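Line order of the protein sequences matches chains A and B.
Heads up, the first sequence is in our numbering, so the first residue is 243 and it goes up one at a time.
Heads up, the second sequence is in our numbering, so the first residue is 243 and it goes up one at a time.
Hints in this document: simulated from the structure, not taken from any laboratory.
Honestly, I wouldn't trust all of these hints.
The list treats identical chains as interchangeable, and a pair is accepted whether it falls inside one copy or across any two copies.
Listed below are the simulated DMTMM-like cross-link pairs for lysine to aspartate or glutamate, each with C-alpha atoms no more than 25 Å apart in a straight line [as the list claims (entries may be wrong)]:
1. Lys416 <-> Asp359
2. Lys426 <-> Asp355
3. Lys437 <-> Glu263
4. Lys271 <-> Glu321
The model shown is predicted, which means the values in this text are computed figures rather than measured ones.
Number of protein chains: 2
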Amino acid sequence: MKLNRHSSIPLYAQLREMIVERIDEGMYKEGEQIPSELQLCKELDLSRPTVRQAIADLVGDGVLEIRKGKGTFVAQEPERLEIPHFTALSFSFLNLNSYESIGLQDIKLIDPDPELDRLFRIAEKAGHPGYWLASWPIEDHGTILGYCRSYIPVQLFPELGQNLASGKRMVDIKSNKYAYLPQKGALSLACRPAKNQEARDLEIPLRSYVMALEGPLFARSGHVCEVLRIVLRPDLLKLELN
Amino acid sequence: MKLNRHSSIPLYAQLREMIVERIDEGMYKEGEQIPSELQLCKELDLSRPTVRQAIADLVGDGVLEIRKGKGTFVAQEPERLEIPHFTALSFSFLNLNSYESIGLQDIKLIDPDPELDRLFRIAEKAGHPGYWLASWPIEDHGTILGYCRSYIPVQLFPELGQNLASGKRMVDIKSNKYAYLPQKGALSLACRPAKNQEARDLEIPLRSYVMALEGPLFARSGHVCEVLRIVLRPDLLKLELN
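Can you make the complete structure from the sequences, with help from the hints?
Following this line, the structure appears as structure tokens:
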């Protein structure tokens, strides 16, 4: 890309994109220093305010960062923790061997809900006793990387809440229930602004982008036995898909 | 949530979050009209400028939209096209039955590149003839939903470019090459701001968020036979993960 002095696009905006292009192309590398304002002025025959404006914009966008007394550096893309072999079952509650491992503190009973009923393929008019809702954070050294909500029909596990409260082991809760455990699933993955509650769960600014996974898990019979709603911090996590 | 008149958070900011909460909780529904400024003033005992500021902020954020002469409505989340049964192989070039189906116009030869060599697990010092780069948009009725780049070692398919240029069919190109076709893969999925070139490929504003998928595909032997770099528009697409 070359600067075009006859364009209607201001020079500082052209320079801004030129710097980004030089980063994308590897001429300026992540974590390394870029030339000083003065060097850029000379190289490209630009005025100081033009260069300063382009750099200020890119600092604001998080593309560049200024280190006091050192200069201007290409910001480093955050290292994201990769969740290996991610599948629809990776965050299933019913697939857990122990609920202590996720730090689950509470499970609560919630009323039937039209949107959940739809995901569970429960006909709207059919009365039923509602869902167990288990929710827990995905943490790494005290940082919240994601937040999981798992919904399980009370019809399938009538005493799940009481069982967990009394400390019954997961393996005992699941014995004789193998027909109701998830065998496969169909989560839809979208990247979208967080809802307020999600932003609070993840301790991120309101309406930041999240990776949102939602959908049903199926038992061997084909019935939906669990519904997951997961939000993940895209700046901290990535998923390995196979 | 209740408004707190003694808080250091300005009332318009509190009201803004209250409106978002009412949307999240379903009190104000997607696509439906919310109460007028005047009604909100009365209900919550707020001044007109406070209500106006909160609404203006949410219009700017895309949470609300004003329809002239009608009122203020909750914006609808875009309907996203779901790619069913997404796997690491979904966008493999070598797995295609026909390259006409994706509208591929060109394939080019590129030089060895340290980052690609690393993904292909080719030792840095080993000289090799480089890669074929096939790139194509994922389109739906003229809208670009995503953009794929596939890299294939010239060593494995020495005449791929010439074969495509001469109109050789994919099935013939692949005959006797089954040992080099992808059997599985490991794509990492991240959600991050677009690079300039990606934004141009997708025809979206610079540094918009994209879903980025990148990684190797493996032949039966375990060797990497193809590397994919895919960007998808998160406002238009979602992935079904199984």
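task = Indicate which option fits the pair Lys416, Asp359 if close means a Cα-Cα distance not exceeding 25 Å: within, between, both or neither.
result = within (23 Å within a copy, 47 Å between copies)
ask   = Given identical chains, is Lys271 near Glu321, meaning Cα to Cα at most 25 Å, within a copy, between copies, both, or neither?
value = within (15 Å within a copy, 38 Å between copies)
task = Could you place Lys437 and Glu263 in one of the four classes (within, between, both, neither) given a Cα distance threshold of 25 Å?
result = Between copies only: 8 Å across, 33 Å inside.
ask   = Should Lys426 paired with Asp355 be assigned to within, between, both, or neither, using CA atoms and 25 Å as the limit?
value = within (23 Å within a copy, 39 Å between copies)
Going down the numbered hints, you'll see the structure goes against none, and every one checks out.
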